[in-house]
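Q: Taken in sequence, the protein lines are chains A and B. Under the numbering used here, the residue at position 119 of the first sequence is numbered 119, and the numbers go up by one with no gaps. Under the numbering used here, the residue at position 12 of the second sequence is numbered 12, and the numbers go up by one with no gaps.
Simulated from the structure, these hints should not be mistaken for lab results. Among the hints, a few may not be true.
[Unchecked claim] Keeping only pairs whose Cα atoms sit at most 25 angstroms apart, straight-line, the calculated DSS-like set for lysine-lysine is:
1) B:Lys-6 to A:Lys-97
2) B:Lys-27 to B:Lys-97
3) A:Lys-6 to B:Lys-97
4) A:Lys-21 to A:Lys-97
5) A:Lys-97 to A:Lys-27
[As the list claims (entries may be wrong)] Now the in silico label distances, taken between C-beta atoms and shown as ranges:
6) A:Pro-42 to B:Asp-14: 21 to 31 angstroms
7) A:Ala-126 to B:Pro-16: 40 to 50 angstroms
8) B:Glu-22 to A:Glu-87: 28 to 38 angstroms
9) B:Glu-22 to A:Ala-127: 28 to 38 angstroms
10) A:Ser-95 to B:Ala-131: 47 to 57 angstroms
11) A:Pro-25 to B:Asp-129: 47 to 57 angstroms
12) A:Gly-79 to B:Leu-96: 38 to 48 angstroms
13) A:Glu-39 to B:Leu-130: 48 to 58 angstroms
14) B:Ala-107 to A:Arg-121: 37 to 47 angstroms
15) B:Ser-2 to A:Asp-120: 47 to 57 angstroms
16) B:Pro-16 to A:Lys-6: 31 to 41 angstroms
17) B:Ala-131 to A:Ala-107: 47 to 57 angstroms
18) B:Pro-94 to A:Glu-132: 45 to 55 angstroms
In this text, all values refer to a predicted model and were calculated from it rather than measured experimentally. Ideal Cβ placement from N, Cα and C applies to all residues, glycine included.
Number of protein chains: 2
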Amino acid sequence: MSTVRKFRDFGWEDVPVLAYKEGGPYKGVTRQVLFEGEESLPAQWRYFEVEPGGHSTLERHAHIHYVLILRGRGRCLVGEDISDIAEHDLIEVPSLKWHQFRAAEDAPLGFLCLVSATRDRPQLPAAEDLAELSRSRAVADFVRP
Amino acid sequence: MSTVRKFRDFGWEDVPVLAYKEGGPYKGVTRQVLFEGEESLPAQWRYFEVEPGGHSTLERHAHIHYVLILRGRGRCLVGEDISDIAEHDLIEVPSLKWHQFRAAEDAPLGFLCLVSATRDRPQLPAAEDLAELSRSRAVADFVRP
Chain A
1 MSTVRKFRDF GWEDVPVLAY KEGGPYKGVT RQVLFEGEES LPAQWRYFEV
51 EPGGHSTLER HAHIHYVLIL RGRGRCLVGE DISDIAEHDL IEVPSLKWHQ
101 FRAAEDAPLG FLCLVSATRD RPQLPAAEDL AELSRSRAVA DFVRP
Chain B
1 MSTVRKFRDF GWEDVPVLAY KEGGPYKGVT RQVLFEGEES LPAQWRYFEV
51 EPGGHSTLER HAHIHYVLIL RGRGRCLVGE DISDIAEHDL IEVPSLKWHQ
101 FRAAEDAPLG FLCLVSATRD RPQLPAAEDL AELSRSRAVA DFVRP
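For reference, chain A alone in the conformation it holds in the complex:
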C-alpha cells in the first residue's frame, strides 16, 4: 500500500464502502474502515456516513466511542442528552449509554468513530428500555428504534 491514501468525495483509495452493519435497524448508513488497528495500536478507526434523513442504530455497549464529525450536520442522543452536531465537533459515548446519530433532513452526517479493536457486540433496546427512554418526551420524539 502506498504511503498516502488519497481522499476524494468522502471516499479513500483502497478503502471499500461497506454496509453499516449486518442486522439492527438503521436507515441510509455506510461504513469505511480507515485504519484496521494492529497489535501495537489496537483501535479501529472508521468513517460512517448517514444520508440526509437517515439514522444509525439506537444501541448501547460496554465499549466506548470517540467521535469527530467530518461532514455535514445532524443531532445525536447520548444517554438522555440530545445535541446539535456539526463539522468537527467531538463526542464521547461512554460505556453502556444508549446512543443514536441522526443526519439533518437536508444534509448528510459523516463522522469518524474510534473503537477498541476488541469490543462487545451492541445491544438493542428491549421494550422496557424504550419505555425507560421514553420517560423523556424529547428522547421519545428523537429515537428511531
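Based on the hints, put chain B in the right spot on chain A.
A: Chain B alone, transformed into the frame defined by chain A:
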C-alpha cells in the same frame, strides 16, 4: 464535561492549545489532545497544526501513527517517500520509519494523529542517520533536521 465539545476555528471547547513538544527541533506547530485515551480504549487522539512554512520534528519511534489531514496541505516524508498531502488524506507511519510533516508555504497543515496511550519516546537523527537519509537527493532537500 458536556456530551459534545463544539468546534470553532480549529479549536474545541475544553481543549487547550499546547506546545507541540518539549525539546526537539520544529517550527510553528501546536498540539491539542482531543481524546486522552483510557483503559478500555488506550489510544490518544491528537490534533496538530503546522503553520504555513512550518514543520514537525524529523524523528522515528517504535510506535505507529494513524494520520488524517483535517486542514490545509503540505508534504510528508515517511521512510524515503515524499508525498503531497491535502485535506482528508490518510497516512500510516510504520514503526521506526523516519518521518516529518511540512506545511505548504501558503497554507497551514492540520492533522489528526492517533497513537497508543503507551509508547516509546521519539528518536532524533544522529549524524549517520542524516547521512543515510541524504543518500536520496530528494530526501536531503526535504528534511529539516
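Q: If a hint holds in the structure, say so; if it does not, say that too.
A: Structure-based check of each hint:
1. B:Lys-6 to A:Lys-97: holds (20 angstroms)
2. B:Lys-27 to B:Lys-97: Between Lys-27 of chain B and Lys-97 of chain B the Cα gap is close to 21 angstroms, so the pair holds against 25 angstroms.
3. A:Lys-6 to B:Lys-97: At roughly 20 angstroms apart (the allowed maximum being 25 angstroms), Lys-97 of chain B and Lys-6 of chain A satisfy the hint.
4. A:Lys-21 to A:Lys-97: holds (19 angstroms)
5. A:Lys-97 to A:Lys-27: holds (21 angstroms)
6. A:Pro-42 to B:Asp-14: 21 to 31 angstroms: About 27 angstroms separates the Cβ atoms of Pro-42 of chain A and Asp-14 of chain B, which means 21 to 31 angstroms holds.
7. A:Ala-126 to B:Pro-16: 40 to 50 angstroms: holds (42 angstroms)
8. B:Glu-22 to A:Glu-87: 28 to 38 angstroms: holds (32 angstroms)
9. B:Glu-22 to A:Ala-127: 28 to 38 angstroms: violated (55 angstroms)
10. A:Ser-95 to B:Ala-131: 47 to 57 angstroms: holds (51 angstroms)
11. A:Pro-25 to B:Asp-129: 47 to 57 angstroms: holds (55 angstroms)
12. A:Gly-79 to B:Leu-96: 38 to 48 angstroms: holds (42 angstroms)
13. A:Glu-39 to B:Leu-130: 48 to 58 angstroms: violated (31 angstroms)
14. B:Ala-107 to A:Arg-121: 37 to 47 angstroms: holds (43 angstroms)
15. B:Ser-2 to A:Asp-120: 47 to 57 angstroms: violated (26 angstroms)
16. B:Pro-16 to A:Lys-6: 31 to 41 angstroms: The hint (31 to 41 angstroms, Cβ to Cβ) holds, given that Pro-16 of chain B and Lys-6 of chain A are roughly 32 angstroms apart.
17. B:Ala-131 to A:Ala-107: 47 to 57 angstroms: holds (53 angstroms)
18. B:Pro-94 to A:Glu-132: 45 to 55 angstroms: holds (47 angstroms)
Hint violations for this structure: numbers 9, 13, 15, all remaining hints satisfied.
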